[in-house]
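Trainee: Based on the hints, put chains B and C in the right spot on chain A.
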Amino acid sequence: MNGLVLGFDLLLVAGLAWLAWQALFGRHRFTSVVHFMAFGLVMALVWVRLDALDIALAEAAIGAGVTGALLLAALGRLPAAAGHAPAWRAAQRPLVWLALATTLLVTLALAWVAWQLPRPGLAGLVGEMLPKSGVDHAVTAVLLNLRAWDTLLEIAVMLAAVCLVWSLGPALPPYAPATALPGLPALTRLLHPLFLLVPAYLLWRGSHAPGGAFPAGAVLGAGGVLLVLADGVPWMHEPRRQPLLRLLLAAGVLLFLCVALVGLLLTGTFLAIPPGVAGHVILTVEVAAALSIALMLMAFYLFGEPGR
Amino acid sequence: MSELYLLLAAALAGMALIGLFRTSDLLRRVLALNVLASAVFLLLVTLARTADGIDPLPHAMVLTGIVVAVSTTAAALALAVQAHEQRRRGEEP
Amino acid sequence: MTDWLVPLGNGLIAVGALFFVAGSLGLIRFPDLYARLHARTKADNLGLGLICLGLACQATSLAAALKYLLVWGLMLIASSIGATLIASTALACGLRPRQRRPVSHSAEGDQEKRT
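Line order of the protein sequences matches chains A, B and C. Start counting the first sequence at 551; every next residue gets the next number (our numbering). Start counting the second sequence at 23; every next residue gets the next number (our numbering). Start counting the third sequence at 312; every next residue gets the next number (our numbering).
Possibly wrong hints are sitting among the right ones.
Unchecked claim - Partner residues aside, some chain A positions facing chain C, computed with beta carbon under 8 Å: (1) L740; (2) L744; (3) L746; (4) L747; (5) A750.
Treat the hints as calculated values from the structure; they're not laboratory data. Glycine included, every Cβ here is placed at the ideal spot set by N, Cα and C.
Only chain A is shown next, with the shape it has when bound in the complex:
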């Protein structure tokens, strides 16, 4: 039985290495992007093998879904590639091989050194703090209570990226499909309820099992990108709805900041959540964060500011 598991691991590792090779050094850009999307999906399997289930959910939705959609949309709009760098001259060859070998050896050595360093880990400490944090799942407790500062900064970084993307110009109109495709509105109408139900379930589940705000926001965002592709969210482009859209985009950061300041007032420490109400507060912040993350992923896909 152990041999089978090892064989499965070897298969995953070999597959990932080959997919990464094709994504980096493939001949055409389209094949590179498609291999990268497959790389993201197989990576989700590797996360499951390493017992990182929240990461597996988020990687499958963001790494394979949204990043793939962004890359394909950009591929359609960028001009044909200039190709790879010109070939090396004969005199440069030994130096180039030396540089390649050095890079690979240095990365291997760094990985080996990281493996040898002592890893006491924080699993014990987090386990002790878990009953007081308001949730039952360690990763959610770390993300939204024990290290909430990192999560707040991360959502702020994402909002800054949306501001960057929107400041570049008006939203680019999507390419019209080649024929009338009745399948696309049918698909969105069939799958729309599921795109709302599954993230809600993942969000609720995050308090006691793998799930939480980030996988929920990622799945909701991936569904939202599909809707944007199928022209199912026309209200995003209307000038009347722009203030509401911007309010919803900033809702995650704003709510988080409010919680932090209220925590400061109540307990004297910034971002300290009182243990009594921790569960409810975390759930509220998770809902706002998931909604904001989903809308921000859709806003990335527009490549510009809508509603002008």
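Mentor: Chains B and C in isolation, oriented as in the chain A frame:
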């Protein structure tokens, strides 16, 4: 078993670095950055399997890292696409 | 009752994996886009259905088994609509399916068949 994934993380990081510096096309550079990020995440999660149990802190860091990586990718792609669009329309970027 | 469910589940999963292999072979070997789409949707969805059925046999509760079948149903919807989108876009862009020209049963037809 964890050593296997450690080896994979090192190999992916090496390949991604080589791919990053070898190509002049922006799209391939974005792909190389994403593969490098995935390699570093793999290293972090492999190191999180300690003797006590599974350390949740690197998991939280990797989850944050995935979201930041997609933000960076979107920003880089939007810059390239909008520059090309404005050049195509004849305006000054 | 549960004694034969686990081997049945294993058998179904193995047969489903074989269908996946057949679909992937079709993806590599078939001549044009439409034939490949055919292989991908038919063989792969049937393989997925068998795998989901096998997993549902081994599931721990009825709710889990129904979730596996829901996964298959969703995959059917997504892949069928995706396949029609790909095929109709390809047709609109001018990609024609490869067809053999019909051979007529005359002397010239026999001549052509022999050469």
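Trainee: State for each hint whether it applies.
Mentor: Hints and how they fare:
{"no.": "1", "hint": "L740", "in the structure": "holds, 6 Å"}
{"no.": "2", "hint": "L744", "in the structure": "holds, 7 Å"}
{"no.": "3", "hint": "L746", "in the structure": "violated, 14 Å"}
{"no.": "4", "hint": "L747", "in the structure": "violated, 11 Å"}
{"no.": "5", "hint": "A750", "in the structure": "violated, 16 Å"}
Hints 3, 4 and 5, counting from the list given before, are not met by this structure.
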